[in-house]
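Asks: Sequence:
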Amino acid sequence: MASDTGPRTNQAGLPSANPTSSYWLREPNALLLGHRSTPDLPEEADIVIIGSGITGAFAARSLLQDYSCNKKVVMIEAREACGGATGRNGGHCQPLVYGTNPAVAAFELETFSFLERLVRDENIDCDWITLSGGVHAFMSTPLFQTAVAQVDSLTKTHPFLASQLEVILPTNPSKLARLRAPNCHGAIIQKTAASLWPYKLIAHILTSLLPNPNFNLQTNTPVLSLSPSPSSPGKHQILTPRGTLTTPKVLLATNGYTSHLLPSLSDLIVPVRGQISAIVPPSPVQTLTHSYLFAADPEKGQHAPRDDYLVQRPVLTPDSGGEVIYGGGRRLALRLGLGQYNDDELELKVAHYLRSNLSPPLDLGGKDEELPATYEWTGVMGYSRDSNAWVGEVPSHRGIWVCAGYTGHGMPSAALSARAVAAQMLGLPESGQGHARLPEEFKITEERINRARQGAKLEDCGGWEGAYFSGPADGE
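Residue numbering for the sequence shown follows the working numbering, beginning at 18 and increasing consecutively.
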């Protein structure tokens, strides 16, 4: 039975000391395991990054490599390197092209292209596979019709984005069958999608920074509090069990745990627990050429829509490999996962659901069978009250920057968001070297904070992921 660790304010606590075992963390990098660049925690630094996932790693890379800043950068991680959401996600990278603001969609596409080039140019061993696309299979007609209306709108207003999509109507059953979604009420194919081993990508970034004398990584060092320094005006005091670190600039790359250190953001970036299983497919193993999202309106007696997703690991032989990384079932979870910041337990009802609901896309021969799972784990996401990430200096906390609240879309947006926030911290232009500018929708301003707080709270939205398909996005 899952315990309710989330206070009604939705403020996060510290990451769990003994989290569930993630499939992606089963091969830890020897250089990173237990790594501390110096035996003692430094007492001072020019910049401190709290968090070592995709945001923290790319922020450090941008500061020290892309921008070549000559500053002492300390990265603090509560657990092992990349032990949070990035090391516990679904292993896929897919920009959301419709149902969101077009500027955000374009930014996610650019971030995807950036990662794809980076993996290729640096020959990063992270199992990056560019797929034939991502299939969004709609299991209810109203939701599909809403999504189609959004695609039609994009065709008129943003034809490039619309060109990234293909609508498959229920009147084309043969195409739906080829997509392994014969029973859905229609599908939309996003042409840009990939699967990868996320931990290995971040391990490459972090290990490449270790030789830099200006980079100091301190793992297994939870931050207990963040406060103004009593002895150094204009600086911040970071308290840990291993000592206190003082710095003028802090980046919270903490996603769902951000409100632990900035309680004032607890209603804007809310921890949400998700659950994922590595499912052993039936033999002979079938190769899936797409990633999948299954969406449906809330079923009777439920308050949230279906929003399940999966990718497949490489097939090795007809009888081995090809595990299906399947996440979702959150509509069955305690409080829909809302406010749950502990990833040290599984929800048995969700685990059973994930092991029992893989047809489609897998042909199980008409059998309603429960498949074995080699790994089952949970992870904590950061959900944004207005669905957009929060990137920038916090107006009421000078010298503290945040890059978090991706609402489950960190992989296709965090890398270039981190690059942008690194530029902000150095007082540099946010774009350059061919990269897109940070969307205005991501930037932290007093006006945006006030506007977000005038909207519905996340706990009042039911299954807010369904808001992606609830109507035309702003700017369309």
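Honestly, I wouldn't trust all of these hints.
As the list claims (entries may be wrong) - Simulated DEER-style distance windows between Cβ atoms:
hint : residue 1 : residue 2 : range
1    : Pro280    : Ser85     : 32 to 38 Å
2    : His369    : Ser337    : 38 to 44 Å
3    : Pro280    : Gly51     : 26 to 32 Å
To be verified - Calculated lysine-lysine pairs in the DSBU-like style (CA-CA distance at most 35 Å, straight line):
hint : residue 1 : residue 2
4    : Lys366    : Lys317
5    : Lys173    : Lys192
6    : Lys208    : Lys89
7    : Lys460    : Lys173
Treat the hints as calculated values from the structure; they're not laboratory data.
As the structure is a computational prediction, the values presented were derived from the model and not from experiment.
Beta carbons: idealized from backbone N, C-alpha and C, even for Gly.
Asks: All hints, please: hold or fail.
Replies: Right, here's what the structure says about each hint:
1. Taken as a hint, the range 32 to 38 Å holds for the pair proline 280 and serine 85, whose Cβ atoms sit roughly 36 Å apart.
2. For the pair histidine 369 and serine 337, the beta carbons lie near 25 Å from each other, so the given range of 38 to 44 Å is not met.
3. Evaluation of the 26 to 32 Å hint for proline 280 and glycine 51 yields a pass: the beta carbon distance comes to about 30 Å.
4. Using a Cα cut-off of 35 Å, the hinted pair lysine 366 and lysine 317 holds, with the two alpha carbons roughly 17 Å apart.
5. With a CA separation close to 25 Å, the supplied pair lysine 173 and lysine 192 stays within the 35 Å bound.
6. At roughly 41 Å between alpha-carbon atoms, lysine 208 and lysine 89 are farther apart than 35 Å, so this suggested pair is violated.
7. At most 35 Å may separate the alpha-carbon atoms for a hinted pair to count; lysine 460 and lysine 173 meet this at roughly 27 Å.
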